[in-house]
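Trainee: So you can see what is in the structure, the chains are spelled out below.
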Amino acid sequence: MSGTAPADRILEVQGLSARYGHVEALRPVDLYVDEGELVAVLGPNGAGKSTLMRALMGLLPTEGHVRFRSTEVPRRNPVAAAAMGLVLVPEGRGIFGPMTVAENLELGAYLLKGNKAELARRHERVLSLFPRLKERRAQVAGSLSGGEQQMLAMGRALMSQPKMLLLDEPSLGLAPRVVDEILEKLAVLNREGLPIILVEQKAPLALKIARRAYVMSVGAIAAEIDPRTIKSHDELARFYLG
Amino acid sequence: MNLRASIWAEAQRNAALLALWVLAAALIAYVFVTGGYLIAVLHFAAIYVIFVTGLNIFMGYAGQVSFGHNAFAAISGYTSAVLTANHGWESLPAAALGLSGALACALIVGYPTLRLRGHYLAMATLAIGLIVYEVAVQWGSVTKGYMGISGIPPLGVGPWTVTSDRALLVLLILFAALAVLAAAGIRRSRLGRAFVAIAGSEDAARALGIDVAHYKLVAFLISAFYAGVAGSLFVHAVGFVSPEVYGLHMVVLAFTMLYVGGIGTVAGSALGALVIALLPETIRKLSDYQDLAYGGLLILILIYAPGGLASLSQFWSPKRRTEGA
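Here the protein sequences line up with chains A and B, keeping their order.
Taking our numbering, the leading residue of the first sequence gets 20, the next gets one more, and so forth.
Taking our numbering, the leading residue of the second sequence gets 12, the next gets one more, and so forth.
The hints are simulated quantities; they were obtained by calculation from the structure and are not laboratory data.
A virtual CB, placed ideally from N, CA and C, is assigned to each residue, including glycine.
Some hints could be false.
Unchecked claim - Distance windows between CB atoms, simulated:
#, chain 1, residue 1, chain 2, residue 2, range
1, B, PRO317, A, GLU203, 34 to 42 Å
2, A, GLU203, B, LEU192, 41 to 49 Å
3, B, ALA26, A, GLU82, 31 to 39 Å
4, B, PRO170, A, ALA139, 46 to 54 Å
5, A, PRO47, B, LEU118, 37 to 45 Å
6, B, LEU118, A, ARG95, 22 to 30 Å
7, A, GLU82, B, ILE310, 25 to 33 Å
8, A, LEU148, B, ALA178, 53 to 61 Å
9, B, LEU309, A, ARG140, 46 to 54 Å
10, A, TYR39, B, ASN97, 53 to 61 Å
11, B, ARG128, A, ARG156, 31 to 39 Å
Unchecked claim - Among chain B residues calculated to face chain A with C-beta under 8 Å, some are:
#, residue
12, LEU202
13, ARG204
14, GLY211
15, GLY220
16, ASP299
To be verified - Just a sample of chain A residues kept apart from chain B, beta carbon distances all over 12 Å, derived:
#, residue
17, GLY40
18, ASN96
19, GLU122
20, PRO223
21, ARG257
Required output: the full structure, derived from the provided sequences and hints.
Mentor: Written as structure tokens, this is what we have:
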């Protein structure tokens, strides 16, 4: 593995693989994230990006090792992963449609249990980051627009005060101006020190804010790239095509 | 939507629901005053309000499926019936023991069964209901098979027993109201939000730190508790029990009430139970065409209120925003 000093290394993944029945969806993957990094995971449809996110969270039966802040993340135990501070915003957002925006946000701080003062503080922080959610607090989440739902999914994840945010295709199905707004929020969060893994199909967008990127292909990592070295779309396409 | 419009929409929504409740209360009051056969129908409706409200916690809130909650009603009801009619127990301790038996069975069955999802869970729970039904039929020395157990004493504590139909109606409505209020409290609580999250997406719930297996079991046990209460109340209200009381018909009826009322809503279970219990009485005069009218009305309700009767209030609400992005 390359990168900065291992002392800054907060996430280390070694030989992580996963299967759906007989199909090998994720071939042994090695990757790392350093303190304060925003790392993009790129690749075409079916490359295994979402499977990687689910595998990191322990939502799938996997083999291999995931170490987060020097502690082994238990496999097949997403509750333990969440308790360690790994929080996933899944593909399709995973918001709870019948609940109000406020209830969705409260669920984000589920592990906080009865601490109402802390809950209120986190609520305020999230609503200051996403003011549009403030206007919609009492609205049923299923009736929000796509962009607002994505903001809610991110806000809900932030309610747990994550130590690392895993985002799976936040731009999916959203208008370009909404995507810009979402990416801007992510950049702000990252500047505040939150490490982020961002899965994206729209590579140029992700590379605007990422410090490093992995390109996935057929369930494996095909390349690790430095966004600053990518000068053109053709150059990027080369990584996709191998 | 500005504040004024939002307050107006809320008032309209509440007014519609309030109107439905006032209508239900007026109907109960009318039956209470006039008496007769309809009181027995309302006894039945109130017991089903409890059963369906419990089922709604498991199926509506937590998004699971069960065709077997009749088993828990049967275990509780039969225990209560056997202990009071054959062994001279008081109704309260007999019902408590029946309820404990239903919960113990739900725990033993739920732990392995709830690992299943969708159709598989449905089939497993259906099997539980069928097994308990067969036990009630075959274990003649205790349950008296198809003949059933009669002479079950009414509800009561010590010298006080509920003997009049009107007093029983009041008691059952109190039980039903308590059941609905408790279900509303659960829905608003942290526990209820966890249930709804599981219904929305088990993976998303897990990723938030919600122990899905644990909460599914809790929802199963709560709904089994409701079923047990309904099962015991039934035998003491009617004074008789046979396997048919808790047969597959009970499951079909409860599902109809749940979906006609509005699955996942607090008010829906109560409204559904009341409407479905009373519907056959209102069309009885159609004699040969009664079943046809019953089926037709159910279809009409589900076409025009696919979210159930509880969703009718939305007819008056302004359309909600659903813009693309």
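Trainee: Now tell me if each hint is right for this structure.
Mentor: Each hint, compared with the structure:
1. Under the hint 34 to 42 Å, the C-beta atoms of PRO317 (chain B) and GLU203 (chain A), about 40 Å apart, fit the expected range.
2. The hinted window of 41 to 49 Å between GLU203 (chain A) and LEU192 (chain B) holds, with their beta carbons roughly 46 Å apart.
3. At roughly 59 Å, the beta-carbon separation of ALA26 (chain B) and GLU82 (chain A) lies outside the given 31 to 39 Å, and the hint is violated.
4. Evaluation of the 46 to 54 Å hint for PRO170 (chain B) and ALA139 (chain A) yields a pass: the beta carbon distance comes to about 53 Å.
5. Restraint check, PRO47 (chain A) to LEU118 (chain B): a C-beta distance of roughly 41 Å satisfies the suggested window 37 to 45 Å.
6. For LEU118 (chain B) and ARG95 (chain A), the Cβ-Cβ distance of about 24 Å falls inside the hinted range of 22 to 30 Å, so the restraint holds.
7. For GLU82 (chain A) paired with ILE310 (chain B), a C-beta distance near 52 Å fails the hint of 25 to 33 Å.
8. Under the hint 53 to 61 Å, the C-beta atoms of LEU148 (chain A) and ALA178 (chain B), about 58 Å apart, fit the expected range.
9. Between LEU309 (chain B) and ARG140 (chain A), the C-beta spacing of about 50 Å keeps the proposed range 46 to 54 Å intact.
10. The supplied range of 53 to 61 Å is met by TYR39 (chain A) and ASN97 (chain B), whose beta-carbon atoms lie about 56 Å from each other.
11. Between ARG128 (chain B) and ARG156 (chain A) the CB atoms are about 33 Å apart, so this pair conforms to the stated range of 31 to 39 Å.
12. Hint status for LEU202 (chain B): violated, given a least beta-carbon distance of 11 Å to chain A, over 8 Å.
13. Taking 8 Å as the C-beta contact cut-off toward chain A, the hint placing ARG204 (chain B) at the interface holds, the least distance being around 5 Å.
14. Annotation: GLY211 (chain B) was flagged as interfacial toward chain A, and the flag holds, the nearest CB pair being 4 Å apart, inside 8 Å.
15. The beta carbon of GLY220 (chain B) is positioned within 8 Å of a beta carbon in chain A (closest approach about 4 Å), and the interface hint is therefore held.
16. Against a cut-off of 8 Å between C-beta atoms, the interface hint on ASP299 (chain B) is violated, since the closest Cβ of chain A lies about 42 Å away.
17. No beta-carbon of chain B comes within 12 Å of the beta-carbon of GLY40 (chain A); the shortest separation is about 16 Å.
18. Chain B draws ASN96 (chain A) into its interface by the beta-carbon criterion, the shortest separation being 9 Å against a cut-off of 12 Å.
19. For GLU122 (chain A), the requirement that its beta carbon stay farther than 12 Å from each beta carbon of chain B is not met, with the minimum near 6 Å.
20. Under the 12 Å C-beta cut-off, the non-interface status given to PRO223 (chain A) relative to chain B holds; the minimum distance is some 19 Å.
21. Remark: the non-interface label on ARG257 (chain A) is consistent with the geometry, its nearest Cβ contact in chain B lying 32 Å away (cut-off 12 Å).
When held up to the earlier numbered hints, the structure conflicts with 3, 7, 12, 16, 18 and 19 and fits the remainder.
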